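Could you put the whole structure together from the sequences, leaning on the hints where they help?
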Amino acid sequence: MTAKGGAAMRHETGSPVLLAFCLLLALAIVILAGISFGVSGLPVDRALHLLFAPDSSPDSALVWDVRLPRAMLAMLVGANLAVAGVLIQTLTRNSLASPQTFGINAGASLVIVVSLIAMPGLSAGGTVWPAFIGAAAVGLAMWALSVSGAMNEMKLALAGISIQLVLAALVQAILIANNAGQDIVYWLAGSINGAQWSKVWIILPFTLLGGGIALVAGRHFGVLALDETTGVSLGQNARRVGGLAATLIVVLAGSAVAVSGPIGFIGLLVPHIVRRLTGNDQLTVIVLSAITGPLLLTAADLLGRVAAFPAETPVGIVTALIGAPAFVAILWRQRAK
Amino acid sequence: MTSVALPSKSLRAASVCLVVAILILVIAVLGMTIGAVTLSVGQVLDGIAGGKNAFIVMQYRAPRVIVSILAGASLGIAGTFLQGALRNPLASPDVVGITKWAGLGAFLAGLFTPPAWAAWAIPSGVIVGAVAGACVLLAIGRSFGGGIAALALVGVALGMLAQALMQYVMVLVPTRADQSMVWLAGSVYGSTMTDVVALSLWLGACLPFVLIAAIRLDAGGFGDDTLTSLGISPGLLRGGLIVVSVLLCAGSVAAVGSMGFLGLLSPHAARLLVGPRARHMVPVSALIGALTLSAADLIGRLVALPNEIPAGIVAAVIGGPYLIFLLIKEAGRHD
Numbered sequence: 001m002t003a004k005g006g007a008a009m010r011h012e013t014g015s016p017v018l019l020a021f022c023l024l025l026a027l028a029i030v031i032l033a034g035i036s037f038g039v040s041g042l043p044v045d046r047a048l049h050l051l052f053a054p055d056s057s058p059d060s061a062l063v064w065d066v067r068l069p070r071a072m073l074a075m076l077v078g079a080n081l082a083v084a085g086v087l088i089q090t091l092t093r094n095s096l097a098s099p100q101t102f103g104i105n106a107g108a109s110l111v112i113v114v115s116l117i118a119m120p121g122l123s124a125g126g127t128v129w130p131a132f133i134g135a136a137a138v139g140l141a142m143w144a145l146s147v148s149g150a151m152n153e154m155k156l157a158l159a160g161i162s163i164q165l166v167l168a169a170l171v172q173a174i175l176i177a178n179n180a181g182q183d184i185v186y187w188l189a190g191s192i193n194g195a196q197w198s199k200v201w202i203i204l205p206f207t208l209l210g211g212g213i214a215l216v217a218g219r220h221f222g223v224l225a226l227d228e229t230t231g232v233s234l235g236q237n238a239r240r241v242g243g244l245a246a247t248l249i250v251v252l253a254g255s256a257v258a259v260s261g262p263i264g265f266i267g268l269l270v271p272h273i274v275r276r277l278t279g280n281d282q283l284t285v286i287v288l289s290a291i292t293g294p295l296l297l298t299a300a301d302l303l304g305r306v307a308a309f310p311a312e313t314p315v316g317i318v319t320a321l322i323g324a325p326a327f328v329a330i331l332w333r334q335r336a337k
Numbered sequence: 001m002t003s004v005a006l007p008s009k010s011l012r013a014a015s016v017c018l019v020v021a022i023l024i025l026v027i028a029v030l031g032m033t034i035g036a037v038t039l040s041v042g043q044v045l046d047g048i049a050g051g052k053n054a055f056i057v058m059q060y061r062a063p064r065v066i067v068s069i070l071a072g073a074s075l076g077i078a079g080t081f082l083q084g085a086l087r088n089p090l091a092s093p094d095v096v097g098i099t100k101w102a103g104l105g106a107f108l109a110g111l112f113t114p115p116a117w118a119a120w121a122i123p124s125g126v127i128v129g130a131v132a133g134a135c136v137l138l139a140i141g142r143s144f145g146g147g148i149a150a151l152a153l154v155g156v157a158l159g160m161l162a163q164a165l166m167q168y169v170m171v172l173v174p175t176r177a178d179q180s181m182v183w184l185a186g187s188v189y190g191s192t193m194t195d196v197v198a199l200s201l202w203l204g205a206c207l208p209f210v211l212i213a214a215i216r217l218d219a220g221g222f223g224d225d226t227l228t229s230l231g232i233s234p235g236l237l238r239g240g241l242i243v244v245s246v247l248l249c250a251g252s253v254a255a256v257g258s259m260g261f262l263g264l265l266s267p268h269a270a271r272l273l274v275g276p277r278a279r280h281m282v283p284v285s286a287l288i289g290a291l292t293l294s295a296a297d298l299i300g301r302l303v304a305l306p307n308e309i310p311a312g313i314v315a316a317v318i319g320g321p322y323l324i325f326l327l328i329k330e331a332g333r334h335d
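Listed in order, the protein sequences are those of chains A and B.
Position one of the first sequence corresponds to residue 1 (the numbering used here), numbered consecutively onward.
Position one of the second sequence corresponds to residue 1 (the numbering used here), numbered consecutively onward.
One side only, chain B facing chain A, incomplete, derived with CB under 10 Å:
1) I140
2) S143
3) G159
4) M160
5) Q163
6) Q167
7) L172
8) P174
9) V303
10) I309
11) P310
12) G320
13) I324
14) L327
So the derived label-pair ranges between C-beta atoms look like this:
15) A:D281 <-> B:L302: 48 to 58 Å
16) A:R333 <-> B:I212: 33 to 43 Å
17) B:G42 <-> A:F309: 58 to 68 Å
FYI, nobody ran anything at the bench for these hints, they're computed from the structure.
For clarity, every value in this text was computed on a predicted model and none was experimentally measured.
Even for Gly, the Cβ is constructed at its ideal location relative to N, Cα and C.
Structural data, given as structure tokens:
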């Protein structure tokens, strides 16, 4: 563990623009690798060529109908979860908060599964609204626990994880009771396998809208991070900004779960990585998280495809394998402070 | 409770034990009679004696009922010892992920050894997994300085890691996926007389250590200085309690998989009912563990007929809210 002073010093170093450029470059490389790699591998130059000049060959169909939608979906889901993570950590002033650790992903999943069973004909697009309802309900419960001020940071995270475990158990029970396991189990692990353009079109408007508002309002979110007294003196404004942030969290996390299942740890880790790289300026953190989230999730997806090749590891398992130790590391740093 | 008026705490504990034992008996009788074929109590007794329903009763229902009672009891005691050893009300073997590591160990052992070795390979895997999980938790927990919620959170994260590892191996070796699903959720389904015998032998072997640990448990609440002045080595005492807890937990995971929340719930319920003294608390939490697991199994069998919900899922649905309630209740106190 580096000295505490060292960590603080490093905060002011990186230039955000340079960082953004490097991250985007890395993202492009990972996406290209993802498009080239697979059971039917393509040379990188061929993949690149087909991206810009699609033709009627099977390879072109592979790139455009299978691998590109998958990459797009991973990017959008990654961005949604990462930005939702930044907002929820700011809003609750809890560095252990994320759509997963506060049970919001699981809430969305539960309502989606219930609606899929109640309405078997529900389209993929139709699952977005149930997801919002579930995310909002759990979000409200966690918010109530959070503002009551009765729990410290770690107990609150533990409560969120308990909610997550209970809701996940309920989902399992419902699936078993309805013999609906096969189709939904894979989705439950959190996966972007079998991504189609239709799913991309479902999440895209929410990413653009939610992410766009988060960017525009980015500077104002800083008010939430201020201490109680300063926050009170800014009064009304802080409350309105808080409400906006909460809505954005529900929209971003809910739509991500609707298309990809509850993928964990992205929303928790990305804000920490970004803050370490660039400091605490809200707007910068949001922008860089919106790039780092996609980078992390596309990389995890690629890893999941490579690790047990030709079998596919759902990306949610990969993020858990990476994320759980990283979560312990974050806890460790909390203790050190 | 009528015993409130009685002067002696021991009498109260005894009556609580009696009431819980009667409840267990009722659940057990229900568990024996209810199923695809409903039997009357008389038919069950006849089956036990070797009558015409002997096959259903002795092959299917009795092992299941007995295993749920034994495994529940050992998880209850394991939770009591671990919470006492770490002086942490949230540190039961299931919350801090030790059951998940035990399940992972069992799964890997089953995977990498020939099927003929399963009888001893899987139990060894369970023990190695549980011990490894406990060691990692304690090693990391030590450097955290013993914050109650911090240790529990580290344990939860380590449990998630074990679960993800198991899911990853399931992807690698899909043919074993069914087996590992049971380890993941925790279920009494498919228990046989062999399981009953194995678990009984294991618990019998643990019993002397459990008794010694139970006698020493009260001392665990004292500070290290007090212990030393009493002539007890704090490290030895806490280490011993943890070892016994891990062994009990390993035995139950070998029988029923990564059953969650029982080890957390039982000691708390026991403390509420009979107070914190070990000689009252240990038997009561064992009985409550047994009651909870057999009830969870019964509920799981009834709630979604003709399907069965694994008892582990039912236990999570009951135990999770209880953990949150505990967190809220404990919130006012210092960390």
